[in-house]
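S.K.: So the sequences go chain by chain: P and X.
The numbering of the first sequence is this note's numbering, which starts it at 90 and goes up by one.
The numbering of the second sequence is this note's numbering, which starts it at 66 and goes up by one.
Hints are supplied without guarantee of correctness; some may be wrong.
Derived DSBU-like pairs (lysine-lysine); straight-line CA-CA distance at most 35 Å [claimed, not checked]:
1) X:Lys456 x P:Lys484
2) P:Lys496 x P:Lys484
3) X:Lys456 x P:Lys496
4) P:Lys484 x X:Lys459
5) P:Lys496 x X:Lys459
6) P:Lys290 x P:Lys496
7) P:Lys484 x X:Lys139
Don't read these hints as lab results, they were simulated from the structure.
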Amino acid sequence: MFTPQRRRVKSTTGQILGIAMVFVSLGLVVSAVVELVGGGTGEGPLLISALVFIVGGVLLVWATRVGETTPVAVFTAVAVTWFTVTALGSLPYILDRTMAAPGVTRWVEIADAFFEAASGFSCTGSTVLSNLPDLNDPDPAIGKGILFWRQLTQWYGGMGIVVLVLAVLPALGASATDFLAAEAPGDTADKVVPRIGETAKRLWLLYVGVTGFMSLLYVVAGMSIFDGLQHGLTSAATGGFSPYNDSIGEFDSVAIELACMAAMLIGGTNFVLHYRAVRGDVGVYWRDQEFRTYAAITAGFGTLVIVPLLIDGSLGGLGTVLRAGIFNTVTLITSTGFGNAQGPGTAGDFTSWIPAPIVIFLILMFIGGCTGSTSGGSKVLRARVLGGVARRSLKQIRHPRGVFPIKLDGRSLPERVVERITTFIVIYFGLAVVGTVVITLLGAEFQTALAGVLSSLGNMGPALGESGPTGTFVAGFNTPARLLLAVLMIVGRLELFAVLLMFLGGFRRLRFLVPRLDHRSRYQE
Amino acid sequence: MIPRRPRSAWSIRLAATQRPGVGWPIAMAALLTGIAAMAAGVIDLTAAGDAAPWLLWIGVLMIGPSLYWLWVRKAELHLRGRGGWASIGAYWLALACFGAVVHLFASAFSMHVLDALFESTSGFATVGMTSISDVDNADRGILAFRAASNWVGGFSALASALVFLPRIRRDGPNVDDEYLRGAGHALIPTVRLGLRNVGVFYGAFTSVGFLAYRIAGLGWFDALAHALSTVSTGGFSTRNGSIWDFTSAPVEWVAIVLMFLAGFSVPAMWWAVRGRGTALLRSVEVQLYLLLILVVTVVASVADTHSTGLRPTREAVMAAVSFLSTTGLVAFDWQGWHVGVQTLLIMLMALGAMNGSAGGGFGLSRAMVLFRLTLRTMYRMLRPHGVRVVKLDKRTIPEEQLRREAGYLVLYAGVALAGAYGVAFFEPQLRRSLVAAVAAISTTGPILGLQTAAELSRGARTALVPVMLLGRSAIVPIALLLSVVTASTRREVQYRLYGRRRRPRALEDVRP
Numbered sequence: 090m091f092t093p094q095r096r097r098v099k100s101t102t103g104q105i106l107g108i109a110m111v112f113v114s115l116g117l118v119v120s121a122v123v124e125l126v127g128g129g130t131g132e133g134p135l136l137i138s139a140l141v142f143i144v145g146g147v148l149l150v151w152a153t154r155v156g157e158t159t160p161v162a163v164f165t166a167v168a169v170t171w172f173t174v175t176a177l178g179s180l181p182y183i184l185d186r187t188m189a190a191p192g193v194t195r196w197v198e199i200a201d202a203f204f205e206a207a208s209g210f211s212c213t214g215s216t217v218l219s220n221l222p223d224l225n226d227p228d229p230a231i232g233k234g235i236l237f238w239r240q241l242t243q244w245y246g247g248m249g250i251v252v253l254v255l256a257v258l259p260a261l262g263a264s265a266t267d268f269l270a271a272e273a274p275g276d277t278a279d280k281v282v283p284r285i286g287e288t289a290k291r292l293w294l295l296y297v298g299v300t301g302f303m304s305l306l307y308v309v310a311g312m313s314i315f316d317g318l319q320h321g322l323t324s325a326a327t328g329g330f331s332p333y334n335d336s337i338g339e340f341d342s343v344a345i346e347l348a349c350m351a352a353m354l355i356g357g358t359n360f361v362l363h364y365r366a367v368r369g370d371v372g373v374y375w376r377d378q379e380f381r382t383y384a385a386i387t388a389g390f391g392t393l394v395i396v397p398l399l400i401d402g403s404l405g406g407l408g409t410v411l412r413a414g415i416f417n418t419v420t421l422i423t424s425t426g427f428g429n430a431q432g433p434g435t436a437g438d439f440t441s442w443i444p445a446p447i448v449i450f451l452i453l454m455f456i457g458g459c460t461g462s463t464s465g466g467s468k469v470l471r472a473r474v475l476g477g478v479a480r481r482s483l484k485q486i487r488h489p490r491g492v493f494p495i496k497l498d499g500r501s502l503p504e505r506v507v508e509r510i511t512t513f514i515v516i517y518f519g520l521a522v523v524g525t526v527v528i529t530l531l532g533a534e535f536q537t538a539l540a541g542v543l544s545s546l547g548n549m550g551p552a553l554g555e556s557g558p559t560g561t562f563v564a565g566f567n568t569p570a571r572l573l574l575a576v577l578m579i580v581g582r583l584e585l586f587a588v589l590l591m592f593l594g595g596f597r598r599l600r601f602l603v604p605r606l607d608h609r610s611r612y613q614e
Numbered sequence: 066m067i068p069r070r071p072r073s074a075w076s077i078r079l080a081a082t083q084r085p086g087v088g089w090p091i092a093m094a095a096l097l098t099g100i101a102a103m104a105a106g107v108i109d110l111t112a113a114g115d116a117a118p119w120l121l122w123i124g125v126l127m128i129g130p131s132l133y134w135l136w137v138r139k140a141e142l143h144l145r146g147r148g149g150w151a152s153i154g155a156y157w158l159a160l161a162c163f164g165a166v167v168h169l170f171a172s173a174f175s176m177h178v179l180d181a182l183f184e185s186t187s188g189f190a191t192v193g194m195t196s197i198s199d200v201d202n203a204d205r206g207i208l209a210f211r212a213a214s215n216w217v218g219g220f221s222a223l224a225s226a227l228v229f230l231p232r233i234r235r236d237g238p239n240v241d242d243e244y245l246r247g248a249g250h251a252l253i254p255t256v257r258l259g260l261r262n263v264g265v266f267y268g269a270f271t272s273v274g275f276l277a278y279r280i281a282g283l284g285w286f287d288a289l290a291h292a293l294s295t296v297s298t299g300g301f302s303t304r305n306g307s308i309w310d311f312t313s314a315p316v317e318w319v320a321i322v323l324m325f326l327a328g329f330s331v332p333a334m335w336w337a338v339r340g341r342g343t344a345l346l347r348s349v350e351v352q353l354y355l356l357l358i359l360v361v362t363v364v365a366s367v368a369d370t371h372s373t374g375l376r377p378t379r380e381a382v383m384a385a386v387s388f389l390s391t392t393g394l395v396a397f398d399w400q401g402w403h404v405g406v407q408t409l410l411i412m413l414m415a416l417g418a419m420n421g422s423a424g425g426g427f428g429l430s431r432a433m434v435l436f437r438l439t440l441r442t443m444y445r446m447l448r449p450h451g452v453r454v455v456k457l458d459k460r461t462i463p464e465e466q467l468r469r470e471a472g473y474l475v476l477y478a479g480v481a482l483a484g485a486y487g488v489a490f491f492e493p494q495l496r497r498s499l500v501a502a503v504a505a506i507s508t509t510g511p512i513l514g515l516q517t518a519a520e521l522s523r524g525a526r527t528a529l530v531p532v533m534l535l536g537r538s539a540i541v542p543i544a545l546l547l548s549v550v551t552a553s554t555r556r557e558v559q560y561r562l563y564g565r566r567r568r569p570r571a572l573e574d575v576r577p
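Produce the complete structure using the sequences and hints provided.
M.R.: Here's what the structure looks like:
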């Protein structure tokens, strides 16, 4: 008797990647429609890419079935899916030759296309495109379809491609939680309902709703419907791509900037809190310790940004300082990366500011938004736990026999979670240090390299120097450096462990480097 | 019952309570600063300098009361619990303040108070940044006091790390017990003998350094000043261009060897001197120290395209050793090097020297412990039920220490960033602010983009003072001193406001 199930290859990675590709192909089709409706002629590359995604995805789904769901398999599936979708997601740019410029070779175009796709899917928002249109550009160099695809890549990456897959793949069973945890920002996956598939569905529905709400907010503030939708997509994802050269600064409107800040702050908040608030429990925000810390950090660090600017006085009056300072603080704490500068050297261009607020921005790049949100960085919860770890180390010295658990929302965090968070930070520091050294060895300036690495790891967007909010990453980094930053973006989006453990999982020496507990040891857990 | 040996006049009286007592550390800081000032005054007399009378007078003024406090009032050294930590913190603060007074006197009050505080802190914290713009023409007495302050700072750091802190923590020293107590060659059997052994070792090392510099061609004063500042990883020089001004390859090689040894763990060297040197090479920390020097040397010599012959290698070795040992003596123009090598050197200074050395920085053993912790966490993520420990040199690291090192990483990064923010208030360049903060907390000294710290604004230099002190004292002692002072002040204020009836719970924190 013919049983198709038996003929399939056991590959969890193949199955997840296949479904993800099918989902992403829908975005390409929509982008092609946008191109056609917009009167462009560049739908060809989008449709060909969609075909590649659909055929590849269907073949994978048809030929594979869910197999191993061990931790290594989970991390491998998530990391491979992300890298493959990113690589294939650069196809429209390559076929359209979006990155073509005088003196740019074909290989550099391909590398830049990968960078742009990685920046999109990882919700970073860094760009290599210097020929984005202005608001009323009669003859834009890049078609509307490609620009819409660029926005959509961030929207897909915001909630997570694998989360989308989980909504339709029941075969994963209990291990679906591990997949969710491997992709979701934070150390654990918050479930809104007991079933993980149902959780994924509801989170995506909520995400669609939030995107719609943000788009509406932009329209009310004064954007056109299409611009509102485009910016809504990247605001919900806290990505920061804008179809315009000067980002939000293109509109030069306080109302739009206020709407943008509100959208970014919503995107940087835990979506589980939004879900509960939508269900009627609005007080959940204030009861959540991480959200309170998020609010305090935004207010506190905003003040630390504004005070030196006011003392310096070179930026302008109080209004200008508040507008530029608060907007840039919010865009960086939420890891969105929108800019409100109207060009290089204007008030919103923080690369021209005195260095004190920029030190704060580097710290914000490291912290990022809340866990369970679409934002990047190391997350507010981890920063809070780290503060607890530092305080505890001092307390422990004063009271050597005391027991000081680290608490969150009134409950003690298990030591393993604390250890995992500490380790995350150690790896984050390590990658930042190694990345900065390598990129400076490749020729970038020290502060540009440092900010570029922090920006990529934290999925922020702008760096410093020539790659600031009004520049591109072509100006500050050469091609190998940009490729490395693109990889760091995905590593940062998957919160380090998924990619590292994909490679280290099969490394047998890992177990020898970490010796087993024996009864003679003085160690006691 | 074994009868207790009668105390000699030189015995250190250890307090029996946990109460913070800052008399002994302050008196000892005054004594050491006074001796350094008098020594500098005597040297200045030989050069007929203007500062000699001032230095001698302030030396007498400091030594007199400190001797009275230590031996007549019989001040006790508090080494138990938080009192011990507070004592260490108070000692470093006192050194910085007394040193500033000496600088003010030595300059006949022509130096700004904040500059004097900066110079003193930089000296005792073995940082080596200077606010003196023309060192070449500075008074010899002042130069001697700067070098002596480096030396006292280096000795204090060693005494603190090897003698006092293990005693205060009571959970063993940072370095392996065997280093200290193994094979019958105890380095630190008691507080007094430990101080004596460390002092003898440090003194002998300094003497060797002095002779080596002298043989390499330096004059006696330059040799002495550089020996004092090299073995302590301080980095103060008697020239504007540091030892580069001597344009002597032998001097540079002597400096390289001395800096290499200064960044080495003293217990490890003690072990080597006692004939167990081969075991050293099995130490992970030693291996990492050597590996980092090798890698940076190779990268820097490959990237150096300006020099010819052996010069690139010598410059590269010197850069690696100088920054890793956090000494900061330079005989090369690293400002003109490839930006990648510059970044590598900045990271090296942040990492710092070996544990148990006079060098500062984060510490190689801490970095290794955190690296092993990272591996364990990743292992646990793959095998959630696996039970694994973190070991370093076959020694299981207790969980408390793992937590402590993680906490220290956060504190270290936090202080560095706060310092960078403070400097950035006064400095126009971000890179300079960041590097200055790293150079200060790691107690290294050189700032990328500047010849000396005198080019920084006074505000920026003042912002670096607490960073240097916290970096030198490994943050915790001063943080605990502040917490004790805060708790004590809070108790006093609450007591005065509310009287006896509403005595706050915070009292429990400061009571013995």
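S.K.: Give a verdict on every hint.
M.R.: Consistency of the hints with the structure:
1. Annotation: proposed proximity of Lys456 of chain X to Lys484 of chain P holds, straight-line Cα distance about 25 Å (limit 35 Å).
2. In summary, the hint linking Lys496 of chain P to Lys484 of chain P is supported, as the alpha carbons are separated by about 14 Å, within the 35 Å threshold.
3. Straight-line distance between C-alpha atoms of Lys456 of chain X and Lys496 of chain P comes to about 28 Å, which keeps the hinted pair within the 35 Å bound.
4. Distance restraint check for Lys484 of chain P and Lys459 of chain X: the Cα-Cα separation of roughly 29 Å lies within the 35 Å cut-off, and the hinted pair is therefore satisfied.
5. Between Lys496 of chain P and Lys459 of chain X, the direct Cα distance comes to roughly 33 Å. Compliance with the 35 Å bound is thereby established for this hinted pair.
6. Of the supplied pair hints, the one linking Lys290 of chain P and Lys496 of chain P holds, its CA atoms being roughly 31 Å apart against a limit of 35 Å.
7. The suggested pairing of Lys484 of chain P with Lys139 of chain X holds, with an alpha-carbon distance near 31 Å, which does not exceed 35 Å.
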